[in-house]
Amino acid sequence: MLALYEAAHLRVHGEDILDEALAFTTTHLKSMRWWKNLDFSLKSPFVRDRVVETYLWIVSACFEPQYSYGKIIQTKLLALITVIDDIYDAYVTHEELELFKEAIERWDDNGIDKLPEYMKPCYQVVLDVYKEIEERENQERSYCVHYAKEAFEQKRGHVASAIECHMKQYGVSEEQAYNEFHYQIENAWMDINQECLKPIAILMLLLNRVFNLSRVLDAVYKEGDGCR
Numbered sequence: 019m020l021a022l023y024e025a026a027h028l029r030v031h032g033e034d035i036l037d038e039a040l041a042f043t044t045t046h047l048k049s050m051r052w053w054k055n056l057d058f059s060l061k062s063p064f065v066r067d068r069v070v071e072t073y074l075w076i077v078s079a080c081f082e083p084q085y086s087y088g089k090i091i092q093t094k095l096l097a098l099i100t101v102i103d104d105i106y107d108a109y110v111t112h113e114e115l116e117l118f119k120e121a122i123e124r125w126d127d128n129g130i131d132k133l134p135e136y137m138k139p140c141y142q143v144v145l146d147v148y149k150e151i152e153e154r155e156n157q158e159r160s161y162c163v164h165y166a167k168e169a170f171e172q173k174r175g176h177v178a179s180a181i182e183c184h185m186k187q188y189g190v191s192e193e194q195a196y197n198e199f200h201y202q203i204e205n206a207w208m209d210i211n212q213e214c215l216k217p218i219a220i221l222m223l224l225l226n227r228v229f230n231l232s233r234v235l236d237a238v239y240k241e242g243d244g245c246r
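Just so we're aligned, residue 19 is where the sequence shown starts under my numbering, counting upward by one.
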């Protein structure tokens, strides 16, 4: 990655591929440096290092160079969601979960004092990232930060998987649940294809984001984590 970043600086006029390579590597390396500076490997060693995977998700949906800033921010947010998920799975008690939820709802530095020590680094980074977003966005787009905060506050602890819920709700076996979900996935792909081939109510620019994200989800989960 670093070698490609350095090589891209030797480009000349008209080398569009190297322009894109520079934008790609710059964004990626910035995200990597941010993650390493957080030092979660020392502060919270149970947290997974998933920044590369989260960046893959984002860059697959918005690969164009002009979305560099958006890719950095979305990668950070997804990485933080992974951290919170690992905290819930590894350590959190019901009482600590309530404290964290209350701190998120309060959304200020005063909430950090009531949290357990292992939660404080994560909570502080959440505040820092959203402060970074607020500083970059102008007044006309301040609503973006508001809705992003609302979405983040909806995150909760571990819940049952979709397969488990389907099995319990319909009284079917695991095999039957998997078959039903595969059927629904095939239908969803046909819906996506139809909308992309004949867009009517939604701009193709937005449909492309959904299509690209669906493609990376299919690649990540089809044969491994999350599906047989």
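Hints are supplied without guarantee of correctness; some may be wrong.
[What the hints assert, rightly or not] Listed below are the simulated BS3-like cross-link pairs for lysine-lysine, each with C-alpha atoms no more than 30 Å apart in a straight line:
1. Lys138 with Lys186
2. Lys119 with Lys216
3. Lys149 with Lys138
4. Lys48 with Lys61
5. Lys119 with Lys240
6. Lys216 with Lys149
7. Lys119 with Lys132
8. Lys149 with Lys132
9. Lys149 with Lys240
10. Lys186 with Lys149
11. Lys186 with Lys48
12. Lys149 with Lys54
13. Lys186 with Lys61
14. Lys186 with Lys216
15. Lys138 with Lys119
16. Lys119 with Lys54
17. Lys54 with Lys186
18. Lys138 with Lys240
19. Lys61 with Lys119
Just so you know, the hints here were simulated from the structure itself, not pulled from any lab data.
When the hints from earlier in the document are held up against this structure, which numbers fail?
-> Checked against the structure, the hints that fail are numbers 1, 2, 5, 6, 9, 10, 11, 13, 14, 17, 18, while the rest are satisfied.
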